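Undergrad: Chain by chain, the residues run as shown.
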Amino acid sequence: MLENIALIKEVHEHLATLKAQEIARAMLKKISQDHLSLYRVSTCSPTEIFYIQFIRALMMNEDQIMIVTPFSLIDNLRNINVIIENIKILAHKKHILIVDMLSNEIHYKGTACNTVK
Amino acid sequence: MVFQLIESIGASSIRSVYSVGEALKFTSLCLIHMVNPRSYNPAMRMVLVKQIYFTAVTIIPLFLMMAFLFGSVIIGAVIALATEYSLQESIGSIIITFVVNEFAPFFTALLISLRSGTAVNTEIAVMNVNEELNTLREYKIDLINYLFLPRIISGIISVTSLSILFALIMLSSGYIFTLFYMNMDFHTYKQLLMSAIEVSDIFVLLFKSVAFGFVIMLIPIYSGLKTANSYTAIPISVLNGMVKLFIALFFIEVLSLILQLL
Numbered sequence: 008m009l010e011n012i013a014l015i016k017e018v019h020e021h022l023a024t025l026k027a028q029e030i031a032r033a034m035l036k037k038i039s040q041d042h043l044s045l046y047r048v049s050t051c052s053p054t055e056i057f058y059i060q061f062i063r064a065l066m067m068n069e070d071q072i073m074i075v076t077p078f079s080l081i082d083n084l085r086n087i088n089v090i091i092e093n094i095k096i097l098a099h100k101k102h103i104l105i106v107d108m109l110s111n112e113i114h115y116k117g118t119a120c121n122t123v124k
Numbered sequence: 694m695v696f697q698l699i700e701s702i703g704a705s706s707i708r709s710v711y712s713v714g715e716a717l718k719f720t721s722l723c724l725i726h727m728v729n730p731r732s733y734n735p736a737m738r739m740v741l742v743k744q745i746y747f748t749a750v751t752i753i754p755l756f757l758m759m760a761f762l763f764g765s766v767i768i769g770a771v772i773a774l775a776t777e778y779s780l781q782e783s784i785g786s787i788i789i790t791f792v793v794n795e796f797a798p799f800f801t802a803l804l805i806s807l808r809s810g811t812a813v814n815t816e817i818a819v820m821n822v823n824e825e826l827n828t829l830r831e832y833k834i835d836l837i838n839y840l841f842l843p844r845i846i847s848g849i850i851s852v853t854s855l856s857i858l859f860a861l862i863m864l865s866s867g868y869i870f871t872l873f874y875m876n877m878d879f880h881t882y883k884q885l886l887m888s889a890i891e892v893s894d895i896f897v898l899l900f901k902s903v904a905f906g907f908v909i910m911l912i913p914i915y916s917g918l919k920t921a922n923s924y925t926a927i928p929i930s931v932l933n934g935m936v937k938l939f940i941a942l943f944f945i946e947v948l949s950l951i952l953q954l955l
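Those sequence lines, one after another, are chains A and B. Just so we're aligned: the first sequence equals residues 8 to 124 in our numbering. Just so we're aligned: the second sequence equals residues 694 to 955 in our numbering.
The following block holds chain A by itself, in its conformation from the complex (with noise of 0.2 Å):
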């Protein structure tokens, strides 16, 4: 999955195949994800192709990212306060947005983060 990071870097700034790739073991790291480096799609889970797009989302230079319905994104998710530290910890330079439906209020009760309605 480093090369499908890395490609974001590597077409939106020209930057060297190697030091794309660099940043993106560098992100993955992070949250001790960088085990997926060498992973394809198809041996990945719904949680790890979600850090994997975005991971790649966070290359893009949109100052803000919006996450819609994380709960259908990543099938069996239980605990999103996990995916939160991680969103974080990789994009504390961002403003990251999550959209959801008011079904899954629940989910977000004592979370670290701000709700509006």
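Calculated directly from the structure, the hints in this document are not laboratory data. None of the values given here were measured: they were computed from a predicted structure. Do not take every clue at face value.
With a straight-line Cα cutoff of 16 Å, these simulated EDC-like cross-link-like pairs (lysine to aspartate or glutamate) come out [stated by the list, open to error]:
no., chain 1, residue 1, chain 2, residue 2
1, A, K36, A, E55
2, B, K743, A, E10
3, B, K833, A, E20
4, B, K833, A, E69
5, A, K101, A, D70
6, B, K919, B, E816
7, B, K883, B, E782
8, A, K36, A, E92
9, A, K100, A, D70
10, B, K833, A, D70
Pulled a few chain B residues facing chain A out of the computed Cβ check, cut under 10 Å [to be verified]:
no., residue
11, R731
12, N734
13, P735
14, A736
15, M737
16, R738
17, M739
18, L829
19, Y832
20, K833
21, I834
22, D835
23, N838
24, Y839
Far from chain A by the CB rule (all over 12 Å, computed), these chain B residues [unchecked claim]:
no., residue
25, V713
26, V771
27, L780
28, R808
29, N876
30, M887
31, V903
32, N933
Using N, Cα and C, we set each Cβ at its ideal position, and we do this for glycine too.
Chain A is already provided as a structure; the job is to place chain B on it using the hints.
TA: Below, chain B without anything else, positioned relative to chain A:
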């Protein structure tokens, strides 16, 4: 009844003109990207290297074997025919025209079409159906730069280099036949070919190889892009792409023959 017939002819004509226009627009877009230095980002270069490896390098063992077998047999047949019709004086020109101008580029184009053209058509069609192309668009990745251009350039480089290799192997293996059939020594054979070859022959080989390489990748890519959104549409896309590709190959071949005759 007559009006319906005229209406259907008109509708199909409009559709044909529209699809030709779309294809020409796509071709010109690819050409514009090809001459733009900003298209050549590190990701694109990485894909280009991989494409050249898969299109040109992995086929080399099979390619060398076929060139050797065809070379000795076909040049043998050409020499036998030329001898039968008392054309020994023109053997060099006949071999050069047949091998360099016609057989090497066309045979290479057919082989690469069957091997890589189908693969590229399927790959793009699958990516299209799986929404991978849309994902790349969402990440603002230019599909022409990242996916299409490396394949088109690799097609041009691969077909040109393999055509030259095919012609060289074919001419070299042809010596085996001349050695046994005509008892010709290598120096005489070399002189025969060297005196027959002209700059225009090399130009024709290069022109045809570049044109073949371009369409061998462009048409399957375009066909893959036009795939309807279902898995059952993939074989139909490959089928249509290959038919169009073979028509284009024959068109280039005929066009080059007409230009050579003028």
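Undergrad: Indicate, hint by hint, whether the structure satisfies it.
TA: Each hint tested on the structure:
A hinted pair counts as satisfied when its Cα atoms are at most 16 Å apart, and A/K36 with A/E55 qualifies at roughly 13 Å. Distance check on the hinted pair: B/K743 and A/E10 sit about 13 Å apart at the alpha-carbon level, within 16 Å; holds. Restraint check: the Cα-Cα separation between B/K833 and A/E20 comes to about 12 Å, which is no more than 16 Å; the hinted pair holds. About 11 Å separates the Cα atoms of B/K833 and A/E69, which keeps this hinted pair within 16 Å; it holds.
Of the pairs offered as hints, the one joining A/K101 and A/D70 holds, with about 5 Å between alpha carbons and a cut-off of 16 Å not exceeded. Proximity of B/K919 to B/E816 is assessed by CA-CA distance (about 13 Å); at most 16 Å being required, the pair is judged to hold. The hinted pair formed by B/K883 and B/E782 meets the criterion: a straight-line CA distance of about 15 Å does not exceed 16 Å. With a CA separation close to 14 Å, the supplied pair A/K36 and A/E92 stays within the 16 Å bound.
Annotation: proposed proximity of A/K100 to A/D70 holds, straight-line Cα distance about 8 Å (limit 16 Å). Between B/K833 and A/D70 the alpha-carbon distance is near 15 Å, which keeps this suggested pair within the 16 Å criterion. The interface hint given for B/R731 holds, since its Cβ lies 8 Å from the closest Cβ of chain A, which is under the 10 Å cut-off. Evaluation of the B/N734 hint against chain A yields a held restraint, the C-beta minimum of about 5 Å falling below 10 Å.
Because the closest C-beta pair between B/P735 and chain A is about 4 Å apart, less than 10 Å, the hint holds. This hint holds: B/A736 has a C-beta 4 Å from the nearest C-beta of chain A, less than the 10 Å allowed. A least Cβ separation of about 8 Å between B/M737 and chain A falls short of the 10 Å threshold, and the interface hint therefore holds. A cut of 10 Å between beta carbons decides the hint on B/R738: the least distance to chain A is about 8 Å, and the hint holds.
A hinted interface residue such as B/M739 counts as satisfied when its beta carbon comes closer than 10 Å to some beta carbon of chain A; here the least separation is about 6 Å, so the hint holds. Contact between B/L829 and chain A, as hinted, is supported at the beta carbon level, the nearest pair being about 9 Å apart and thus within 10 Å. At a threshold of 10 Å, the smallest CB-CB gap from B/Y832 to chain A is about 6 Å, leaving the interface hint in force. Because the smallest distance between the Cβ of B/K833 and any Cβ of chain A comes to about 7 Å, under 10 Å, the interface hint for this residue holds.
This hint holds: B/I834 has a C-beta 5 Å from the nearest C-beta of chain A, less than the 10 Å allowed. The restraint placing B/D835 at the interface with chain A holds, with a minimum CB-CB distance near 7 Å, inside the 10 Å limit. Using the Cβ-Cβ criterion of 10 Å, the hint placing B/N838 at the interface with chain A is satisfied: the shortest such distance is roughly 7 Å. Against a cut-off of 10 Å between C-beta atoms, the interface hint on B/Y839 holds, since the closest Cβ of chain A lies about 6 Å away.
With 12 Å as the threshold on Cβ separation, the claim that B/V713 sits away from chain A holds: the shortest Cβ distance comes to roughly 31 Å. Non-interface status of B/V771 relative to chain A is upheld: no Cβ of that chain comes within 12 Å, the nearest being about 48 Å off. No beta-carbon of chain A comes within 12 Å of the beta-carbon of B/L780; the shortest separation is about 56 Å. Residue placement check: B/R808 keeps its beta carbon more than 12 Å from all beta carbons of chain A (closest about 24 Å).
Taking the minimum C-beta to C-beta distance to chain A, about 57 Å, the non-interface status of B/N876 holds against the 12 Å cut. Against chain A, the non-interface label of B/M887 holds: every CB pair exceeds 12 Å, the least being about 45 Å. At the 12 Å boundary, the C-beta of B/V903 stays outside the reach of chain A, the nearest C-beta of that chain being 27 Å off. Once the 12 Å rule is applied to beta carbons, B/N933 is consistent with being away from chain A; the minimum gap is 29 Å.
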